Amino acid sequence: MRFIYFKVCKLTIKDEFIANAKQGKILARKCKNCNDLNLVTVYFCKKCGKREFENTILDGNGVIVTYTIMTVPPSGFETFSPYAWVVMKLEGHNLNISGFLANIDKPADLPIGTAVKIIDFDKRGLVLEKR
Amino acid sequence: MGKVCVLGAGSTKYGKLEDSITDIALQASVSAIESAGIESKEIKSGYISNVFGVADKQVHLGPVIMSNLGISDKPSLSIESACGSGSVSFREAYANVAAGFYDVVLVTGVEKVTHTGTEWTTTYFSYCSDFFYEGQAGVSFPGLFASMARAYITEFNASEEDFAAVAVKNHENGLLNPKAHLRKKITIDDVMNSAVVASPLKLYDCCPFSDGASAVIICSEKFAKQQGGDYVEVIGSGRGGSPAALQGRDHITTIPSTKIAADAAYKMANITSKDIDFAEVHDCFTIAEVVDTEDLGFFEKGKGIDAIRNGVTKLNGQLPINPSGGLKSKGHPIGATGVGQVVEVYDQLTGNAGERTVNDAKIGLTQNFGATGASCAVHIFQSV
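Respectively, the protein sequence lines represent chains Z and X. At position 120 of the first sequence (counting the first as 1) the number is 120 in the working numbering, and the numbers step up by one without a gap. At position 256 of the second sequence (counting the first as 1) the number is 256 in the working numbering, and the numbers step up by one without a gap.
It should be emphasised that the hints constitute simulated quantities derived from the structure, not laboratory data. Don't take each hint at face value.
Claimed, not checked - Pairs of lysine to any residue residues, derived as SDA-like cross-links and limited to a Cα-Cα distance of at most 25 Å, are as follows:
no.: 1; chain 1: X; residue 1: 301; chain 2: Z; residue 2: 63
no.: 2; chain 1: Z; residue 1: 106; chain 2: X; residue 2: 156
no.: 3; chain 1: Z; residue 1: 89; chain 2: X; residue 2: 254
no.: 4; chain 1: Z; residue 1: 22; chain 2: X; residue 2: 136
no.: 5; chain 1: X; residue 1: 57; chain 2: Z; residue 2: 75
no.: 6; chain 1: Z; residue 1: 47; chain 2: X; residue 2: 263
no.: 7; chain 1: X; residue 1: 41; chain 2: X; residue 2: 31
no.: 8; chain 1: Z; residue 1: 123; chain 2: X; residue 2: 127
no.: 9; chain 1: Z; residue 1: 47; chain 2: X; residue 2: 259
no.: 10; chain 1: Z; residue 1: 30; chain 2: X; residue 2: 243
no.: 11; chain 1: Z; residue 1: 46; chain 2: X; residue 2: 260
no.: 12; chain 1: X; residue 1: 259; chain 2: Z; residue 2: 49
no.: 13; chain 1: Z; residue 1: 123; chain 2: X; residue 2: 259
no.: 14; chain 1: Z; residue 1: 89; chain 2: X; residue 2: 156
no.: 15; chain 1: Z; residue 1: 47; chain 2: X; residue 2: 249
Treat the numbers as computed from the prediction; the structure is a model and nothing was measured.
Kindly produce the complete structure, drawing on both the sequences and the hints.
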């Protein structure tokens, strides 16, 4: 069904990734040869090099691997301060994903290992919040 | 493959420069040509590295530089590989000379961005990240390296003061370098009290945005011997890659491309990391120097911070790192930096480094990467 939608509406794979992120999910590619999980923007498996994948929709729950609090934000992000940019590890999977996390202004707000989830994708990219 | 030598080297001062991108590129090129003691007509090809020429209204820099050197008929290659552009350019030049296509070539790296202001530069530099996953989500380069620093602090029990010591050391070295951008002695307190840019990194943990150009002449061993002046031999050259986005890396505190490039360079030179007398490494942020010295094999993972604490990497330490002042103090004109590192090694190994000379140095290493180390090149040089 998803495949047909993709063909008919000419959604790019990034559009599909974004549509899933808006539902709190991560669209990833599972290698049919070695089962390795790859980001959806990848064309060949990073582990075995094959290019036969099946799309997999993962729950957007994870924990903080590392982060920074962007005190001096790039152009366009001034109005979003204070915020953090984080790398999270998806729960139950060997896959990290990074994104935007609002309302963080000191390290005590976000210890490594904090539980987070994906909630949206907008002009701030992939948006997360604490669980 | 034939042996390849660096026959001459030159740099402009790094900092906020008034002249145009073309002018500073030419100043460095002419300086390198004079240092090599050759005529421009002996150059067979040019390798020109630059990232944001568009900021000073000049891209396709190669032919413009060659034309103004009076050799418009000679081919050139303009190269972009983010902050690692200079070393990629050097590598392409090296490979072409080693393969015998040319006997003498010019490598020039240049950047001119300070006139655009901090907001423009921060934003445009973020385009060097894997933008869909990183820049688009509001992270800058200080932020990406701050994420590495946070992971390092957590994993290895390091402190922000430890990173500050890298800045203090590199400023001490830069004070001895007349061409350095930030020639100013600083203290741990200065770093700790500077404004936070991206926690845990503060302003003094970050290299400056710089203008500047560096150039070298490289040639076959046969040409170098005939020429008769000072030269150093390139004994190792390696390149490597990493996942472009930090999220794709198994360990946030390791840059895979550095390890791959270093392994290749050590293998070619038939030496190990223990044989290196000093190194110019990519310290765009203080955390980067610590990670670099581990990935290059100088120190075990997590021990790079001890080397800083114990003064091992100071100019008079067992393994001086960044005698030039590094990107932190010498400055970081991103298209020029990788070439500028080679200029420093050439100056060190030919006795032209003045007060910052590393004692009894015979073998020097350069390591220069693009973005958060998505691409990296390592070169090893030996005095002759």
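Contradicted hints - numbers only: 13
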